[in-house]
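Trainee: Listed below, chain by chain, are the residues.
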Amino acid sequence: MNPKLTDLDSPAKNVGKARAHVSQNEGLIFEQSAPGKRGMELPPLDVPAIDPAKALGSQHTRDAIEGFPEVSEIEVIRHFTRLSTWNYAIDLGMYPLGSCTMKYNPRVNEFVARLDGLATEHPEQPAEVSQGCLRILHDLQKCLLSITGMDAATLQPAAGAQGELTGLLMIRAYLESQGNPRHKVLIPDSAHGTNPASVVIAGYEVQNIKSNSRGQIDTDHLREFVTDDVAALMLTNPSTLGVFEERIAEIAAILHERGALLYMDGANMNALAGVTRPGDFGVDVMHLNLHKTFSTPHGGGGPGAGPVLAKKILEPFLPVPVVVQKPDGTYALDHNRPKSVGRVRAFAGNFGVLLRALAYTLAYGPGIRQATEDAVLNANYIRKNLEPYFDLPYNLPSMHEVVFSDARQKTKGVNTMDIAKRLIDYGFHPYTTAFPLIVPGAMMIEPTESESKQECDLFIDAMRSIAAEADATPDLVKTAPHSTRVGRLDEVAAARKPVLRWKPA
Amino acid sequence: MRYLPKSPSERQEMLASIGTRSIEELFTSIPEKFRLRAPLDLPGPLSESEIIQYFQARAAENARGYVSFLGAGVYQHLRSVAADALIQRGEFLTSYTPYQAEFAQGTLTAIFEFQTLMCQITGQEVANASMYDGSTALTEAVLMAERLTSRRHVLVARSVHPEYRQVLHTYAKNLGLEIEEIGYTASGQLDRAALKPETLARTAAVVVQSPNFFGVLEEIPALAEVAHASGALLVTAITEAVSLGIVRPPAEADIVAMEGQAFGIPPSYGGPYVGVIATRDKFVRQMPGRLAGQTTDAAGNRGFVLTLATREQHIRREKATSNICTNEALYALAATIHLCLIGKEGLREQALQNLAKARFAQSELEKIPGVRRVFTGPTFNEFSLEFPRSVKMINAELLREKIIGPFALGTQFPELTKRAVICVTETTPRAEIERFAAAVRRILEKPV
Amino acid sequence: MYPADYRYTKDHEWIKVQGDIGTIGITDYAQQELGDVVFVDAPKVGAKLAPGKSFGSVESVKAVSEIYSPVSGEVTETNSLLVDTPEKINTDPHNTAWLIKLKLSDPKEVASLMDAAAYEAYIAEQAKEHSA
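Chains as they are written, first to last, in our numbering: chain A, 407 to 911; chain B, 15 to 462; chain C, 16 to 147.
Because the hints were derived from the structure by calculation, they are not lab data.
Warning: the hint list may mix true and false statements.
[To be verified] List time: in silico DSBU-like cross-link candidates among lysine-lysine, alpha-carbon distance up to 35 Å:
| # | chain 1 | residue 1 | chain 2 | residue 2 |
| --- | --- | --- | --- | --- |
| 1 | A | Lys-460 | B | Lys-210 |
| 2 | A | Lys-590 | B | Lys-210 |
| 3 | C | Lys-118 | C | Lys-63 |
| 4 | C | Lys-123 | C | Lys-68 |
| 5 | A | Lys-616 | C | Lys-25 |
| 6 | A | Lys-443 | A | Lys-909 |
| 7 | A | Lys-732 | B | Lys-406 |
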């Protein structure tokens, strides 16, 4: 038997819906660079040339950029195309990452974002010739207000974390206007790391509160924590366990009694859109992640957008400028906002991302509820079929995501990271490992509505198979992945002696 | 619905498998009174062609076909089709943050290349995987300087982009930072006489932009010396990244906060863009944002991973260097591809064309009676001129001729009324520059 | 395993006293919990420490552990070995991989810390809780 063929067919590498395939090697672009090669030409200069040393002074001119690439167009196309083939992507299959909402990124959104007259507009150009852009922003605001049940919106924040900060700044400004900004913000121990980080930047102190035995806010004891020095509670709903906070109305009431506000991290909005509205259940201010719920592409780590939606009492404090429609029907950026918290970034926002989110919302219209229902259906279907094989630490109704733990597999020395890595061999991206912090060995799974029944079934089969492997052949799982171009990488060496750029030999 | 891959019968099958009869049963954890009974009031649903129609109608309501002389932090530069095609590949566009390195070497390798390019261009030793934009990169650079020096006072040049300064102010006021602004001289550069040693002794950072908002280049080495002599850091913002094709990079600065939009990213009415922070190796642990590092696997294959993650929010939480999580990865990739295409010689040539066109425009405009240059300092592709009449009025007339006029300084700088910053890039044809100058001349010749 | 002449804290620091100089490090239990150490953030010489006050941190790839001073004093020396080879904490936590030396301002504080037997009992309990 040809050992190579056997190797290709080995269950380590070819399993479930995946098979190994030839992929191209590729070095760094700098390693292919050679003097005299070019990938782009400019039209000839149609005005007299200027000598920079004479025009600027030699102290202001630079030498050639050492080590900068010199390659042809074909080499650039090949280089990045090859690199792309080493990635996983939503276009290839499911990303069951909890709280990331990796749903389909509609292609028409890419097309409209690139239209001449939209991609080309300068943010400082006069409002008279920007009515199209301003209307897009205004229309998106209206949609988001409708979906969240809120009164006022800002589209400025560049990501969820910046949205959190913006919301907290608005809370501070509001409380200051009431006489006392207070000092603390309550954060559950199940919260995403950006929450406490944002609190500190807003100048508040984090007070961690322990979740109860159901992984929810300990409403019975909440009153003790909500002192006159607490500005707000920052809550994710559904929680990072994928469970709706059933006593949300009570939680909001307790806070409001004490003059504190309820902030909602909208990362899990994919369980709520069209079914319920945060504005109805007591939320005062929240952010949305357009790169999650609203389908804008993740792009390997951004761009995103984190619009903030708020109740009327917080409207005066919105970041400036505010997108408004004037009585004559035209749109404008209103800079006359004396109580505004200020600007959180230059210009009006990540317009290209906002535009894509509007395109997504227009595609669904009021039918957005169907997407939410399918997301919750998929998560519960997967949960039901995996319950026999994995430990479920919180036996509560799941919404759009479910959290298992590696407790059973741990008895054979196999942990959540190992199972995740083995999932790669099966052709799936891992689920979220080791988060939320309140579940040791967490396996957080969110399929989103973009997965067909077939893909869900393939995922269930893969996870079942890995559970069996963890039992019978744990080493196979512990040393996964077996089918990727590189194996597990030495993260310790990368952190001890960081090499963060290429240098010429 | 075309984005939902389930048939009605499959939904039924799945519900049956769960043991529920209707989807409503899966939402009972939401209190009854909060469950919506009617569909939301939203426009749509629209088919694909209707979506395209909607956005084409919006595009027609903007400045399509106009020529622009605006810079002010966002620049019209050449973009390549190849770069745009590559970032539309699903494996880049629809890929997640590369936490699972074995499955994301494409993204991680490209980030490593981006980090390298940013160091080469800025003359610094290490750069991160991107920030939201130049304005927030500058704010984070200042916060970094505060952490590094344990000082709370910051000196910011008024010639830094007004919106960048506004963002800094928004963040600084809740963090106990004291921001003091310093003026400019007749050259348009920072007034160095205002940098007093006794003030600098308690200053975390001196913050300048180069080329600055007026288009003038600052004297970076001299500023660095003055700052360092008193233990302060020099933070330099760069909004027009193409300037680095011929302008000497701020290598003496301690932290560089750059906007990378000029590297092939469309203006797109304000974003998304790509912020860059570049600094010295010794400051890397105080640097916010993601970092890709080189390493090997057990078989000795080279690979890249996200590293030094203990600086970041998901590990450090309230003690993190920043709250940043999602950044601008796809646009860092776009800039990387663009720079690889335009290359060493191309970037230099592009910068030279900008300089030449701007000087040409300036000389044409200065021929108009009453139009005078404002500052004496050296400029790249933006320059400030004084006009005999209100810039607002001139721009209103220019708009009628499908010309978007220069940035009027009077609103942001009350002492600089009737002055504007004109930007000319390699994309502005000579004929349009001449048309612009002729139009300005005509407008100024009209009786008041 | 745990030197009899050292004293220990609930946060898994150890202190060895010689006259009025204390040498402080983290215990074997702590380094096991942390995993491969990649970086040590040490205080400056001359820094004044108080009991329970954090004076630095030890980092692995995925976690950061703050280190708390068991006693009051002034830092007289930091271990330069850990700058280039922080991994020594994993291999020799009680000896060559000490973190700081400080001049004790109140030597009596040491008496209230756990001795080796008490510490071993404490970590046995911790281990039981973790696997529960």
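Trainee: Could you run down the list of hints and mark each one as holding or not?
Mentor: Hints and how they fare:
Only pairs whose Cα atoms come within 35 Å are accepted, and A/Lys-460 paired with B/Lys-210 is accepted, the gap being roughly 32 Å. For a cut-off of 35 Å, the pair hint linking A/Lys-590 to B/Lys-210 is broken: about 38 Å separates their Cα positions. Note on C/Lys-118 and C/Lys-63: the hinted pairing holds, with a Cα-Cα distance of about 10 Å set against a maximum of 35 Å. Taken as a hint, the C/Lys-123 and C/Lys-68 pair is honoured in the structure, with Cα atoms around 18 Å apart against an allowance of 35 Å.
For the hint pairing A/Lys-616 with C/Lys-25, the CA-to-CA distance comes to about 21 Å; that is within 35 Å, so the pair holds. This hinted pair checks out: A/Lys-443 and A/Lys-909 have alpha carbons roughly 20 Å apart, not beyond 35 Å. Simply put, A/Lys-732 and B/Lys-406 have alpha-carbon atoms about 21 Å apart, close enough for the 35 Å limit, and the pair holds.
Going down the numbered hints, you'll see the structure goes against just number 2.
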